Amino acid sequence: MLELRNITKRFGEVLANDQINIKVEAGTIHAIVGENGAGKSTAMRIAYGFYTADSGEILIDNQVCQIATPHDAIARGVGMVHQHFMLVAPMTVAENIVLGAEPGSQVSLDLAKAASEIRKLSEEFKLAVDPNAVVENLSVGQQQRVELLKALYRHAQLLILDEPTAVLTPQEVEEFFAILRRMRQQGKTVVIITHKLSEVLAISDEVTVMRDGRVVGRLQTKETNAAELARLMVGREVLLRVDKPEAKIGATKLKVSDLSVTTKDGSSRVDKVSFEVRAGEIVGIAGVEGNGQTELIEALSGLVESSQISGAIKFEGKDITRLGARLRRELGIAHIPEDRHRRGLLLEFDLAENSILGVHYRKPVVAYAGDIFLDNAAIRRRANEIIEAFDVRPANPDLPARSLSGGNQQKLIIGREFDLHPKLLLVSQPTRGVDIGAIEFIHRKLVALRDAGCAVLLVSAELEEVTSLSDRLLIIHKGRIVGEVDPKTATNEEIGLMMTGGH
Amino acid sequence: MKLISELIFPLIAVLAAFVVGGILVLIVGDSPIQTYKLLLGSALSWPDGIGYTLFNATPLIFTGLAVLVGFRCGLFNIGCEGQLYVAAFATAWVGITYASLSAWLLLPLCFLAAVFAGALWAAIPGVLKARFGSHEVINTIMLNFIAVALVGYFTQYHYRIPGDPIMQTSTIGPGAHIARLGKFVPGLPERIPLNLAFVFALIACVLVYLFLWRTKWGYEIRATGSNPTAAEYGGISIRKQIVLAMAVSGALAGMVGINEVLGYRYRYYDGFSAHYGFFGIAVALLGRNHPVGVLLSALLFGMLIRGGIFVDAFTNNITKDLVDVLQGVIILFVAAEAFFRGPISRYGLLRRSKV
Numbered sequence: 001m002l003e004l005r006n007i008t009k010r011f012g013e014v015l016a017n018d019q020i021n022i023k024v025e026a027g028t029i030h031a032i033v034g035e036n037g038a039g040k041s042t043a044m045r046i047a048y049g050f051y052t053a054d055s056g057e058i059l060i061d062n063q064v065c066q067i068a069t070p071h072d073a074i075a076r077g078v079g080m081v082h083q084h085f086m087l088v089a090p091m092t093v094a095e096n097i098v099l100g101a102e103p104g105s106q107v108s109l110d111l112a113k114a115a116s117e118i119r120k121l122s123e124e125f126k127l128a129v130d131p132n133a134v135v136e137n138l139s140v141g142q143q144q145r146v147e148l149l150k151a152l153y154r155h156a157q158l159l160i161l162d163e164p165t166a167v168l169t170p171q172e173v174e175e176f177f178a179i180l181r182r183m184r185q186q187g188k189t190v191v192i193i194t195h196k197l198s199e200v201l202a203i204s205d206e207v208t209v210m211r212d213g214r215v216v217g218r219l220q221t222k223e224t225n226a227a228e229l230a231r232l233m234v235g236r237e238v239l240l241r242v243d244k245p246e247a248k249i250g251a252t253k254l255k256v257s258d259l260s261v262t263t264k265d266g267s268s269r270v271d272k273v274s275f276e277v278r279a280g281e282i283v284g285i286a287g288v289e290g291n292g293q294t295e296l297i298e299a300l301s302g303l304v305e306s307s308q309i310s311g312a313i314k315f316e317g318k319d320i321t322r323l324g325a326r327l328r329r330e331l332g333i334a335h336i337p338e339d340r341h342r343r344g345l346l347l348e349f350d351l352a353e354n355s356i357l358g359v360h361y362r363k364p365v366v367a368y369a370g371d372i373f374l375d376n377a378a379i380r381r382r383a384n385e386i387i388e389a390f391d392v393r394p395a396n397p398d399l400p401a402r403s404l405s406g407g408n409q410q411k412l413i414i415g416r417e418f419d420l421h422p423k424l425l426l427v428s429q430p431t432r433g434v435d436i437g438a439i440e441f442i443h444r445k446l447v448a449l450r451d452a453g454c455a456v457l458l459v460s461a462e463l464e465e466v467t468s469l470s471d472r473l474l475i476i477h478k479g480r481i482v483g484e485v486d487p488k489t490a491t492n493e494e495i496g497l498m499m500t501g502g503h
Numbered sequence: 001m002k003l004i005s006e007l008i009f010p011l012i013a014v015l016a017a018f019v020v021g022g023i024l025v026l027i028v029g030d031s032p033i034q035t036y037k038l039l040l041g042s043a044l045s046w047p048d049g050i051g052y053t054l055f056n057a058t059p060l061i062f063t064g065l066a067v068l069v070g071f072r073c074g075l076f077n078i079g080c081e082g083q084l085y086v087a088a089f090a091t092a093w094v095g096i097t098y099a100s101l102s103a104w105l106l107l108p109l110c111f112l113a114a115v116f117a118g119a120l121w122a123a124i125p126g127v128l129k130a131r132f133g134s135h136e137v138i139n140t141i142m143l144n145f146i147a148v149a150l151v152g153y154f155t156q157y158h159y160r161i162p163g164d165p166i167m168q169t170s171t172i173g174p175g176a177h178i179a180r181l182g183k184f185v186p187g188l189p190e191r192i193p194l195n196l197a198f199v200f201a202l203i204a205c206v207l208v209y210l211f212l213w214r215t216k217w218g219y220e221i222r223a224t225g226s227n228p229t230a231a232e233y234g235g236i237s238i239r240k241q242i243v244l245a246m247a248v249s250g251a252l253a254g255m256v257g258i259n260e261v262l263g264y265r266y267r268y269y270d271g272f273s274a275h276y277g278f279f280g281i282a283v284a285l286l287g288r289n290h291p292v293g294v295l296l297s298a299l300l301f302g303m304l305i306r307g308g309i310f311v312d313a314f315t316n317n318i319t320k321d322l323v324d325v326l327q328g329v330i331i332l333f334v335a336a337e338a339f340f341r342g343p344i345s346r347y348g349l350l351r352r353s354k355v
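Quick note, the sequences are listed as chains A and B, same order. Note that my numbering gives residue 473 to position 473 of the first sequence, counting from 1, and the numbers run on in steps of one. Note that my numbering gives residue 132 to position 132 of the second sequence, counting from 1, and the numbers run on in steps of one.
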């Protein structure tokens with residue numbers, strides 16, 4: 001169906017695609033896996049006409065064709081669904097779908113005809129999308145199906161999906177895979193870009209593995225396994241399971257009682273939450289994103305104004321509900337924020353300056369004249385220690401944080417927070433957008449911190465991550481803790497059901 | 001390398017502006033080469049050209065630094081004009097009221113009056129922003145009007161010598177005078193008003209650099225300007241930084257009053273500022289928000305102001321307006337920096353390292 005032959009693409013000095021060959025058979029689901037920056041999205045954007053390759057050719061149905069713009073791709077039956085949806089929120093599903101391909105004459109718009117066509121497509125693939133619904137009222141899963149419909153409406157025979165499951169709950173992923181299988185049944189071809197190995201194994205017929213801009217393997221899914229795929233992706237053996245000794249649980253570090261958080265306009269985000277975290281354990285919080293996890297962690301780290309908080313937060317028996325972020329940090333509470341660009345880093349600042357955020361005002365990074373001056377030698381020493389201990393690359397403290405990859409930015413933040421030798425670590429989405437190799441590293445560090453007697457509260461949207469790392473798992477739904485399970489015995493279905501509010 | 005890459009775009013902007021200016025000169029019927037020769041020659045002659053160029057640059061260094069400190073905290077201080085008026089009047093008021101004090105006492109008092117009056121006037125919009133979230137751009141502009149009207153009122157009705165047709169106060173005590181540089185520099189006559197305030201301005205450049213890049217307070221201000229949510233995460237009170245940065249900014253703007261009152265006219269002269277506060281924005285922008293850049297661009301503007309007078313007088317068709325146009329074009333080109341960055345980095349002259 002689709003073949004990329006010897007495609008090469010450069011961005012400045014970066015070789016994003018180096019003589020790659022990808023062949024997708026008609027009527028199959030083909031997975032393209034690789035770490036961030038391996039070049040998988042670039043390759044598919046070339047196929048969709050977003051980028052033009054420097055050299056090489058694209059074949060569709062064994063015919064060489066020029067695909068210079070997405071328009072050409074659509075005309076050849078290629079559709080693409082992006083990681084970030086491109087929908088107009090206040091418009092209806094039908095209006096969104098016809099946008100750019102409006103039916104009717106130049107002046108009139110025949111929406112009724114479009115709606116009936118969309119309804120027919122929706123029934124054919126069991127998408128359960130109402131063409132007259134307004135997009136902003138739809139769930140994320142439904143919006144994704146609107147994106148699928150958009151491609152199908154334009155008669156796509158081949159659909160390219162870029163990280164389609166990143167935004168879905170476990171249940172939604174199952175439903176979504178069922179849709180993909182139905183599409184294959186109807187003769188469509190699907191290319192799915194992902195870095196989640198379990199999904200590759202669950203859905204695809206064939207896999208192309210990419211690393212550093214090259215194709216390093218093309219395998220039949222039936223004949224491979226997660227360990228082999230991970231090795232190909234990273235280029236070395238990767239430990240997929242977290243090895244974790246029995247927890248040695250100590251005294252209660254954090255005690256949260258009836259904590260509620262409201263937004264400035266008064267809507268409730270966290271609703272009377274109570275729990276404890278003890279030294280030497282990792283307590284996980286699982287939940288669909290946007291169910292109060294962000295507000296909970298920010299309230300615990302002192303980033304929410306006290307007027308928006310009720311209830312009590314105690315750390316080592318001391319009431320810290322009204323303390324600011326600085327004082328909490330001084331008590332030994334470290335925080336790895338969920339959004340490293342918004343909270344975690346000063347992107348224009350260099351790594352050395354970033355390595356002192358939060359401790360920039362106290363010894364040992366200040367000196368002279370009553371400790372008002374920054375001690376550059378001490379700062380660089382500290383930065384170099386973190387860079388070395390956490391394998392931040394490139395290992396140059398003078399580079400701006402912006403120039404690092406997401407995984408290395410994350411390692412810098414984690415190193416900075418670990419350097420506080422915290423008694424309590426609040427950590428949100430520690431491996432979001434991070435490569436497999438770095439994920440393994442970060443997981444090992446978190447377990448090591450726990451074994452050193454730190455209390456860890458972990459929030460993650462990756463179910464696998466919270467279940468494998470946590471010693472206890474709390475499930476949050478609409479700002480409430482709706483249950484606690486033993487992550488060793490609980491099934492994904494059980495947890496998934498609680499995450500969506502069912503019991 | 002870093003210095004070169006920081007300097008090259010402002011330099012290109014200036015050169016491009018001169019080219020555009022040259023074309024304008026041609027259109028009005030004069031020789032661009034002759035005009036520029038006249039412009040630069042009169043601005044760089046010794047001692048008058050250089051003396052006046054540095055004198056003109058002095059208030060622009062202060063206001064440029066003031067705008068820079070605001071920018072580094074993510075604040076746009078358009079209120080330097082009001083701050084420097086309030087400060088100049090305050091320092092004159094101290095100089096007049098305590099005229100009989102000895103220089104050892106009066107001079108520091110006058111100095112502090114300028115600094116604190118500027119800081120206080122700028123802290124008002126800072127507090128308003130920190131406390132109520134009202135935008136500093138609006139509030140500083142409004143406070144400009146209030147400041148100008150207020151000092152005008154006091155000059156007119158309380159501190160003018162009865163019968164004086166000029167809107168100015170009586171003179172400050174001799175103890176409050178600061179020395180003109182002609183006193184120390186051989187060949188520089190004392191009639192040229194270049195005074196110690198220029199030296200203070202140079203010192204201010206160094207201090208602002210040390211403050212912003214070498215102290216923990218400066219780190220907090222820059223962190224707030226770079227990413228307020230991350231600064232907050234790092235335990236930095238954004239509200240405090242806003243008030244602090246505005247106060248420091250206002251203090252620097254207020255030091256214009258030292259040059260004007262203590263070093264030049266020895267009295268408050270109403271409407272003295274030739275838009276120094278607004279030029280400060282251009283100076284800071286052209287100087288890429290760095291003290292060294294501010295110093296260089298203030299010197300350039302100082303030259304243009306000086307040279308403009310001669311171009312006006314000694315050419316057939318050009319008036320001082322051309323120099324204003326030139327300044328405007330420089331600012332436009334600086335603002336359009338992205339426009340240059342594209343093609344130049346594309347042709348490999350300057351490749352930003354991306355790892």
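Derived by calculation from the structure, the hints in this document are not laboratory data. As the structure is a prediction and not an experimental result, all values here were calculated from the model. C-beta: ideal position from N, C-alpha, C; glycine also. One or more hints might be untrue.
According to the in silico footprint, chain A covers these stretches of chain B (three or more CB under 8 angstroms from chain A) [unchecked claim]:
{"hint": "1", "region": "83 to 90"}
{"hint": "2", "region": "214 to 220"}
No farther apart than 30 angstroms at their CA atoms in a straight line, the calculated lysine-lysine pairs in the DSSO-like style are these [unchecked claim]:
{"hint": "3", "chain 1": "A", "residue 1": "Lys488", "chain 2": "A", "residue 2": "Lys196"}
{"hint": "4", "chain 1": "A", "residue 1": "Lys248", "chain 2": "A", "residue 2": "Lys23"}
{"hint": "5", "chain 1": "A", "residue 1": "Lys314", "chain 2": "A", "residue 2": "Lys264"}
{"hint": "6", "chain 1": "B", "residue 1": "Lys240", "chain 2": "A", "residue 2": "Lys314"}
{"hint": "7", "chain 1": "A", "residue 1": "Lys318", "chain 2": "B", "residue 2": "Lys240"}
{"hint": "8", "chain 1": "A", "residue 1": "Lys196", "chain 2": "A", "residue 2": "Lys255"}
{"hint": "9", "chain 1": "A", "residue 1": "Lys423", "chain 2": "B", "residue 2": "Lys216"}
{"hint": "10", "chain 1": "A", "residue 1": "Lys113", "chain 2": "A", "residue 2": "Lys272"}
{"hint": "11", "chain 1": "B", "residue 1": "Lys240", "chain 2": "A", "residue 2": "Lys264"}
{"hint": "12", "chain 1": "A", "residue 1": "Lys272", "chain 2": "A", "residue 2": "Lys478"}
{"hint": "13", "chain 1": "A", "residue 1": "Lys363", "chain 2": "B", "residue 2": "Lys216"}
{"hint": "14", "chain 1": "A", "residue 1": "Lys423", "chain 2": "B", "residue 2": "Lys320"}
{"hint": "15", "chain 1": "A", "residue 1": "Lys478", "chain 2": "A", "residue 2": "Lys264"}
{"hint": "16", "chain 1": "A", "residue 1": "Lys113", "chain 2": "A", "residue 2": "Lys126"}
{"hint": "17", "chain 1": "B", "residue 1": "Lys37", "chain 2": "A", "residue 2": "Lys363"}
{"hint": "18", "chain 1": "A", "residue 1": "Lys126", "chain 2": "A", "residue 2": "Lys272"}
{"hint": "19", "chain 1": "A", "residue 1": "Lys255", "chain 2": "A", "residue 2": "Lys244"}
{"hint": "20", "chain 1": "A", "residue 1": "Lys272", "chain 2": "A", "residue 2": "Lys196"}
{"hint": "21", "chain 1": "A", "residue 1": "Lys272", "chain 2": "A", "residue 2": "Lys488"}
{"hint": "22", "chain 1": "A", "residue 1": "Lys244", "chain 2": "A", "residue 2": "Lys445"}
{"hint": "23", "chain 1": "B", "residue 1": "Lys37", "chain 2": "B", "residue 2": "Lys320"}
Q: If any of the earlier hints don't hold here, list their numbers in rising order.
A: 1, 4, 8, 10, 14, 17, 18, 20
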